[in-house]
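Student: Those sequence lines, one after another, are chains A and B.
Using my numbering, the first residue of the first sequence is number 1, and each one after it goes up by one.
Using my numbering, the first residue of the second sequence is number 1, and each one after it goes up by one.
Just so you know, these hints were derived from the structure itself, not from any lab.
Be a bit skeptical, because a hint or two may be false.
Where chains are identical, the list cannot tell them apart; a pair therefore holds if satisfied intra-copy or between any two copies.
[Unchecked claim] Here are the simulated lysine to any residue pairs, SDA-like style, with alpha carbons at most 20 angstroms apart:
id: 1; residue 1: Lys388; residue 2: Val469
id: 2; residue 1: Lys388; residue 2: Ala468
id: 3; residue 1: Lys388; residue 2: Lys471
id: 4; residue 1: Lys115; residue 2: Arg373
As a plain string of letters, each chain reads:
Number of protein chains: 2
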Amino acid sequence: MSRSRTNSGAGELLVELRRDGAVPLHQQLESGIRERIRQGLLRADTVMPATRALAADLGLSRGVVVEAYQQLVAEGYLVSREGGYTQVAPAAAQVPSPPAGIRSAPTGPPRIDFKYSRPDVTQFPRAAWLRSIRKVLNETPHRTLGYLDGQGALALREALADYLNRVRGTSAQAGNMLICNGFAQGSRLLLQVLAAAGYRRLAVEDPSDDELRSVAAAAGLEAVGVPVLEAGLDVEALERSGADVVLVTAAHQFPTGAVTSAATRAALIEWATRRDALIIEDDYDAEYRYDREPIGAMQGLAPDRVAYAGTASKTLAPGLRLGWLILPERLVEPMAAAKLADDRGSPVLDQLTFADFVARGEFDRHLRRMRPRYRVLRDALVGRLAEKVPDLRPIGVSAGLHVMTWLPPDLTERDVTQAAIERGVGLYGLRPYWVQNAGPEGLVFGYGGLTEPAVAEGIDLLAEAIAAVRK
Amino acid sequence: MSRSRTNSGAGELLVELRRDGAVPLHQQLESGIRERIRQGLLRADTVMPATRALAADLGLSRGVVVEAYQQLVAEGYLVSREGGYTQVAPAAAQVPSPPAGIRSAPTGPPRIDFKYSRPDVTQFPRAAWLRSIRKVLNETPHRTLGYLDGQGALALREALADYLNRVRGTSAQAGNMLICNGFAQGSRLLLQVLAAAGYRRLAVEDPSDDELRSVAAAAGLEAVGVPVLEAGLDVEALERSGADVVLVTAAHQFPTGAVTSAATRAALIEWATRRDALIIEDDYDAEYRYDREPIGAMQGLAPDRVAYAGTASKTLAPGLRLGWLILPERLVEPMAAAKLADDRGSPVLDQLTFADFVARGEFDRHLRRMRPRYRVLRDALVGRLAEKVPDLRPIGVSAGLHVMTWLPPDLTERDVTQAAIERGVGLYGLRPYWVQNAGPEGLVFGYGGLTEPAVAEGIDLLAEAIAAVRK
């Protein structure tokens with residue numbers, strides 16, 4: 001690299017020119033000048049050096065300088081004046097804003113974080129995933145890379161329908177499935193389509209994940225909380241709520257860990273049939289049941305009344321953004337249209353890769369490998385709690401990636417989580433999950449992203465924190 | 001596989017049992033019964049065979065049958081009655097809707113299709129893409145697979161900022177970029193954020209792509225058309241329109257192919273500065289300029305006034321769903337929040353793969369390889385038009401993936417496209433692109449997805465079609 005300097009009416013024009021032919025010289029000159037205008041080093045109305053003079057200064061042919069000036073005139077950085085001289089354009093002389101950079105959180109993350117919904121991404125099956133994408137890139141027809149349809153890649157819908165019918169007891173065919181970018185997009189589109197179809201009131205479990213409520217509000221649906229009992233949603237309260245759509249986590253309620261009983265399932269379906277209402281079944285973590293086979297999905301019982309939602313975020317990695325819906329027939333077309341309008345379909349290579357991954361049994365293999373790992377973490381957590389903080393008793397079944405406990409009356413979420421974070425432990429209370437009124441206080445422990453020693457140490461520190469609060 | 005039959009109160013229970021140990025027997029029995037209930041073969045209230053009898057019939061241990069029944073009771077398919085017998089549950093006896101199947105278009109696609117916006121996906125650089133994803137899967141830290149931030153993967157924002165600053169003359173840093181799922185999602189989120197920030201009226205070029213207008217309406221923005229002249233948007237008409245945001249395709253107007261002049265660029269920026277308005281620059285195909293270097297992006301002239309949008313849909317493949325925005329500083333945080341709420345970020349493996357692909361110069365290489373291919377197609381199209389249908393004269397510069405022509409006064413879009421489709425040629429009129437009032441009639445020829453012989457044959461058939469219309 002040679003540096004060429006010139007002193008001229010434009011001030012010192014330091015332009016670094018590489019003469020190895022990789023980038024044409026006129027283009028290097030252009031970006032050099034453009035940069036200086038942008039940085040405010042060449043101000044509005046500055047007269048640029050004559051092309052001949054600049055060419056001589058920089059050791060370039062005049063044609064190169066002329067070409068660069070013409071380009072910058074066309075782009076609006078320079079203005080060509082009568083009389084043959086060139087000036088920096090007025091509009092170009094704006095000082096750019098300072099780089100935004102990467103925003104860092106005001107405080108660092110806790111050393112041991114029991115935040116929910118973190119699967120163990122260190123176990124992401126990279127080699128198997130690479131095998132699948134290699135196969136896809138070797139074999140998929142060219143046309144699959146073009147614009148997509150709204151339901152998603154047929155191969156993935158077929159593979160998932162087979163998998164879900166087998167493992168989750170659903171009633172899926174490729175024709176009633178839709179691929180989306182995780183539950184976030186799928187549920188948002190579903191609520192939008194329902195609102196457009198005249199649905200008005202969404203019942204959610206109380207307590208439940210809080211994110212859906214703001215999505216419902218944005219879609220124009222009123223969200224109401226309905227209490228969750230040991231056997232699932234209180235269907236009598238649902239009845240009174242006047243809701244025409246309900247979201248349930250039937251296989252493993254979030255956050256309580258309850259399993260919806262057969263009677264409640266039947267009552268929910270009876271309610272939906274009688275009221276012409278819809279049940280949204282968020283089957284977010286049913287692949288992880290440790291003590292027995294997971295309860296099959298409600299969707300299989302009443303495919304016309306249930307929209308089923310699943311995701312790879314808890315089983316493989318959130319970063320994949322892969323989710324799927326099984327839809328009642330009447331919702332397939334409006335949902336496909338909504339998905340297409342939203343983002344023209346989900347990225348196709350990911351879909352085809354996941355299709356191959358599922359069809360080859362890799363997904364089953366991965367789940368078989370992960371289940372004992374998570375079970376060990378869960379057992380460690382529950383065991384350590386019993387040992388060190390026995391008055392925090394876990395509720396719910398042995399499943400999923402989290403455990404919930406109530407707090408004894410002398411403790412508050414605020415005090416405990418505060419004392420814990422001071423010890424480097426991230427703990428999370430129930431408060432955001434209550435819908436109608438704040439219910440009893442409790443804690444939700446996510447363990448998916450932790451190791452066994454971290455779980456043990458975290459609970460030990462929690463015991464210390466609670467002792468400190470009680471002092 | 002052995003087939004086991006039983007005749008019982010439940011009718012003939014044909015369950016196919018594989019005894020190779022791959023799937024537990026109770027599970028096979030469950031899905032067999034579940035399927036028959038679903039298909040209506042086992043009706044509501046049907047009494048199921050006693051576990052002992054069924055076990056004997058099927059050659060299973062009784063425990064297996066008990067386990068299957070319990071599971072199906074828990075799932076709500078069966079009901080356990082006092083007296084020790086088991087019935088098919090009432091709610092389970094719904095006949096599922098017929099499979100939706102794959103919807104086929106009422107008529108087949110045209111044999112030669114000049115539909116716009118189809119890049120040549122047969123040239124997708126599969127081997128180079130695989131190299132990049134292999135590198136990503138080998139090297140990316142685990143944590144990148146977890147939940148994402150709203151701006152997108154840092155590596156991709158850095159790689160694209162470098163690329164765009166170099167090739168498109170933008171003023172991008174990783175900190176003011178945002179990754180989205182193509183222009184569709186990026187523009188939708190941007191219009192939503194602008195509407196929420198109080199923007200009210202979006203001016204679009206007239207004629208222009210029609211899809212954005214419905215997106216604007218859904219976001220609560222009024223869309224108005226402003227005429228496009230040879231030198232770009234009519235800024236005086238923009239002034240009168242009362243718009244506070246304008247969308248321009250400055251480097252290569254769609255569909256007319258006009259390039260916004262330096263004077264118009266300056267006037268647009270002056271307008272935006274004076275009115276405190278925003279310019280959205282849709283840089284959809286600027287990588288493809290065949291006769292000279294493309295005009296740099298307006299964003300580089302006024303980074304605080306311009307939101308720049310780019311996409312890989314025209315350069316690599318629409319199925320990737322990769323797009324990017326360069327945003328004025330004040331829009332970065334609201335847009336990142338909107339993206340996060342929308343779908344929790346774009347799939348991360350695609351982002352990291354594309355980052356590596358760009359950083360290693362593969363994107364430049366791909367574009368260098370594609371430019372002459374498209375130029376040949378364009379030249380073939382323009383040459384054949386001049387030869388066979390000389391009164392359809394192309395307008396606009398030599399760039400992009402489409403050519404536009406006006407129609408002579410004796411021809412209408414309807415007649416010509418109808419006569420063409422009868423000959424197996426898909427042709428598209430301007431009508432959907434007019435905003436305020438229908439302007440003159442014309443045709444838009446997309447050639448990106450065609451071959452040279454197909455282009456020639458298509459124009460020959462168009463000449464026949466026009467001759468037939470004129471007869």
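Student: Compare the structure with each hint and give your call.
Tutor: How the hints compare with the structure:
1. Proximity of Lys388 to Val469 under the C-alpha cut-off of 20 angstroms is restricted to the intra-copy arrangement: shortest distance 15 angstroms within a copy versus 88 angstroms between copies.
2. Taking the closest pair of Cα atoms, Lys388 and Ala468 come within 20 angstroms of each other only inside a single copy of the chain (14 angstroms); across copies the shortest separation is 89 angstroms, beyond that limit.
3. Taking identical chains as interchangeable, the C-alpha atoms of Lys388 and Lys471 lie at most 20 angstroms apart only when both belong to the same chain, with a minimum of 16 angstroms there against 94 angstroms between chains.
4. Only within a single protomer do Lys115 and Arg373 lie at most 20 angstroms apart by alpha-carbon distance; the minimum there is 18 angstroms, versus 52 angstroms between protomers.
Going down the numbered hints, you'll see the structure goes against none, and every one checks out.
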